[in-house]
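So the sequence lines, in the order shown, correspond to chains A and B. Be aware that the first sequence starts at 1, since it is given in the numbering used here, and climbs by one per residue. Be aware that the second sequence starts at 1, since it is given in the numbering used here, and climbs by one per residue.
Hints were generated in silico from the structure; no laboratory data involved. Heads up, some of the hints might be wrong.
As the list claims (entries may be wrong) - Per label pair, the in silico range of CB-to-CB distance:
(1) B:788 x A:156: 37 to 47 Å
(2) A:124 x B:87: 15 to 25 Å
(3) A:183 x B:95: 40 to 50 Å
(4) A:48 x B:544: 43 to 53 Å
(5) A:48 x B:96: 29 to 39 Å
(6) B:501 x A:110: 16 to 26 Å
(7) A:146 x B:124: 26 to 36 Å
Claimed, not checked - Anything over 10 Å on all C-beta distances counts as not near chain B; from chain A, calculated:
(8) 14
(9) 62
(10) 197
Here a beta-carbon is modelled for each residue, glycine too, at the ideal position from N, C-alpha and C.
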Amino acid sequence: MGQIFPRNANLLARLSIFGGLLLVVELILITGVFFRSNYFRQINVAVEQPVAFSHQLHNGVLGVDCRYCHTSVGQSYFANIPATETCMTCHSQIAQYSPNLEVVRESYATGAPIEWIKVHNVPDFVYFNHSIHVNKGVGCTTCHGQINNMPVVWQTQGYFMAWCLDCHRQPEQFLRPREEVYNADYVQPANQLEIGRQLVAEYGIMPAAQLTNCYVCHR
Amino acid sequence: MTSQSPTLTTEAVREQLRNARGPQLWRSIDQLADTTAFRELVEREFPRGASELDDGVSRRSFLKLMGASLALAGVTGCTYMPRAKLAPFVEQPQGGRVPGIPLFYASALTLNGFASGILVRSNEGRPTKVEGNPLHPASRGGTDIFAQAEVLTMYDPDRSTQVLNNGAASTWDAFTTTLGNSLTAQSVTQGAGIRLLTTTVTSPTLAAQIEQFLQAYPQANWYQYEPINRDNVVAGARLAFGEDVSTRYDFSAAQVVLSLDADFLAPGPGFGAYARDFSDNRRVDAASTAMNRLYVVEATPSSTGITAEHRLALKAGQVEGFARALAAALGVADVPAGAAVPANAQAFLQGVAADLQANQGNTIVIAGAQQPPAVHAIAHAINAALGNVGNTVIYTAPVEARPALQTSELAALTNEIAAGSVELLVMIDGNPAYNAPGDLRFAERLAQVPLSVHLSLFVDETASRATWHIPLAHALESWSDARAFDGTASIVQPLIEPLYQGKTSHELLAAMLGDANADPLALVQNTWQAQANGSFDIFWQTALATGVIADSAAPTLTPALQTGAIPAAPPETSGLELVFRPDASLWDGQYANNGWLMELPRPLSQLVWDNAALISPRTAIRLLNLPISVDQLIAPAGGDADKAATATRERALELLTQANGTVVQLSYRGGSVELPIWLMPGHAEDSITVMLGYGRSNAGRIGDGIGVNVYPVRTSDALWFGSDLTLAATGRTYQLVSTQNHWTLEGRDIYRVGTFDRFSADPKSISRDIYNEKYGRDSPGYESLMPRVDYTGRNKWGMTINLNACIGCNACVVACQSENNIPIVGKDQVAVGREMHWIRIDRYFAGSDLDNPDTYVMPLTCMQCENAPCEVVCPVAATVHDYEGINNMVYNRCVGTKYCSNNCPYKVRRFNFFQYSDLNTITLQLARNPEVTVRNRGVMEKCTFCIQRISDARIEAKKTAVAAGQTDYTIADGTIVTACEGACPTAAIVFGDLNDPASRVAKWRGEGHNYGLLGELNTFPRTTYLARVRNPNPDLELEG
């Protein structure tokens, strides 16, 4: 009885064994890369909101301070989304008939809240506190990007723990004077390290040995 | 783990262990007997089977499911993370509310009708945690377990959600229409057919409404009933003074206290104040020259009993005889003699009498609510004779809206129903169909009422028998008011809109008065409008902000003792006695559906998820005809040296332990009930205690069918105890689950105790025993291989627990559960040692006396060792030290090896064997603390020193410092209060910075009797203990 498979089929068999193994490894790698990808984490993807609110216009062009709307950022872990009332303080006078503001006016009239889409998110086991960061000289744009140039907000950073640790290990590379925290146009000076070290001392920033403790962010 | 070689017999192992160092402290009779089951518990980290999957899913099907879910995970992975939504306010609330920062509101909760002040934390409008109100006289900053657990009751998914008419859904409008029609019909007879049944009322608003109603319907009647009532207290005062008088005690001035079956260190009216004042008087330090002394006469071992210097176990029925004999010994006139005091109580009696005489004016004789009125009258007479009145014993005008003999009132009501004269019965709260004494047959009678209305939180036994059920608004959802034990009134304010359209009692009363849509806030304000001096607005805001209404305490009275008031002694009873006691966790059964309370190890018995018949070992041997002679249980005179006798004793004890769980039939006054027995060393002979509150049929998913209902055998003429009990074995056994042998620290010297005399001479002598014994010097002084970290200049957090103040009330355990989102696991899981409590109360017996052993309690939580044994064995660095020396547990790194728990000498680590946290029930999600991670299956967890509170305080301090231009921040002592510390009614726990010499914790730690648990292991625990100091009467030195 003759051979069913030619001799060179052995090579195919060997190749498929190694290929199969390789495929498994590749799949694992691809999965890992996928979950860390900008696509999965929706980095640099603008998120459409129920109201066509432009940070570019309000903050960038008009110069409205971050804290005019996000009032609790300096006091609470949570930087609040403004109440409809806050929008209406201006928009009962300015652009009061704009079709873009229909949703806002309706919310104010009916009392139903506007349901904004959350753009920046950290996992549930991360207890990020806005107030301590902005009080200690971490600027808004350090984490949120050039928000003053965003007509529609998107996330500019992946918010991986390694990214957080970059600053928690070496805060001097990122700190700015407290009075510049809310300045979206702030540009790091050439002597950032020198200034940063001064600020670390002046603001009493915890040593890296403490800033990198698990319980600082996780509980 | 030690393993036994085949040639080594159990006897030989026992002998080895004895030679090692016999246990001075024992957790249970099992330990004393050193049974193989107990040894296994000690030697295995978790009981057998604890680490196996036995939840009905086989390994094979588990793997199949895992495969499927992995595949599905791949599919769902092809999309991006879902986006959450944010719904801000439309109008920002005023008053300094900052989104994300919790607010605290002052309110009050009632138990038995009496208020205790609380502060409730509100996270984004959700009440999530109850704290004590330091300004409230009945709280003094502490709480009891019930107040802590109210949050869970409020969010209970089994709560009633709608109005029911004969079981069918209906509406409030339909109800008020029916009610209105009935009332109109009744107005012809001036309400002769109307009966109102409430629980104890202290609310001024409700009392005023009821009065108004009774004026409108003069023939109607108002009754009050609670199964755990104060009838005897009321009747005793009437007997002694001929009028209604409330009694309260000032333990801060009392040097000698005698409790006649009064468990005043357990939840009840005045608990917070009594526990705090009493323990303040025995919190000794190097400067202390005196310490109070407590004598307790009781049948059932209680928190009060174990705190006592001298405890006398007497049948509940013999306490009256003791009281009469004491009165005679003290020369109190006008007290007829009673039954002779048992011989073994004579010395105790003489000792107490002499001590009371010697400390006249600074003593308290307090009678328990379950003792008959005569005992209360005798206590009043003794207090008067000793000159205590006005100093330690204070009489005030009645605090209740109407003091009542509640059991007779319920009996009167059932008689009237039987006679057909009740046409409309309105029941406000309470659950009489379940908790009425069996002989009244209230549940049957209720069916005869043509129109019955029941307002309650749950569709319970009474609600399901009433024609109308109205959901009650929880106290955290209601406007109301209530008085504390001393009469101080508080406003009850809502934290949240009623979740299920519940109605308050005030709204129901208003509906009965013709206003179907009353505003409860307006009703409460209306009551207080007249009492406000000056601006009502200021009065109201002050009352809400402080949680108390100033100067509203009941006025003190000086009632005159009636002569010849105390009746002659009743005929002596003999034979077996049955004692009914409120359950330490479920109270009268109203908390049966609260999982936190259900799974809380009951003080002393440490039982969970069940009630049992508590019985003394000696009585059990006799009644069950165990083949043991009582003499065999007594430790041999020769001590461990007498090997034969010791071995006999251990065999006898082993046989004895097998009696636990034996189901017996208790036949009592024509009724009978079957209960498993539980051996309770220290229980009075010939007496059996059963706990009320179990065997509910309509409690909800937690409480249904748990334990045995003993209300049916309770009789209205002897509410608390009575003789004529017979016991018969049924031949069956039942698995009772007690945590008494869980998390044992082996026979090491854990609990340190000494006398006040010894303490005064040398405070250190109590704490250093172990070192002297083991090493012949004051400390172990080991060399460490681990480098010591220098924490100078950092916050060195530490905790000290004062064993002298701890009464084992469990408030810390529930507070921790509430603060740290700790799940419950169920009876089966507790049985295999999987309970999740981060802080536990260990109970130890001491000495060789099984009849009345010294009993000690010790709260134990993560010691935050500086040299932590758990850290070095973790393969993934999931438990590591932080900069301030706290042992961090990192859930996301944990892979579940459980090595850390294995290596922990204190046994304080808890593992999520299953998905214990309920992630699906929405109301339970609302109850959680948003500052703490909800743990999933497969991770280890443990006490974090309430790291969320430390973080908050640190962040606030740093913000303040940086705003002021300072580089250093300071956290003032007392800024951080851990959940257990905050809840403790006796302030037995302090937390603070050990590097701050002015902090309370540093001061406590500087005391001579401070000791580190298992300090000889070189763990350098951050939590230390102050040794227990006892102040025994030198004339009564019964045992060590």
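Notebook entry, point to check: Which numbered hints are broken by the structure, listed smallest first?
Noted result: 3
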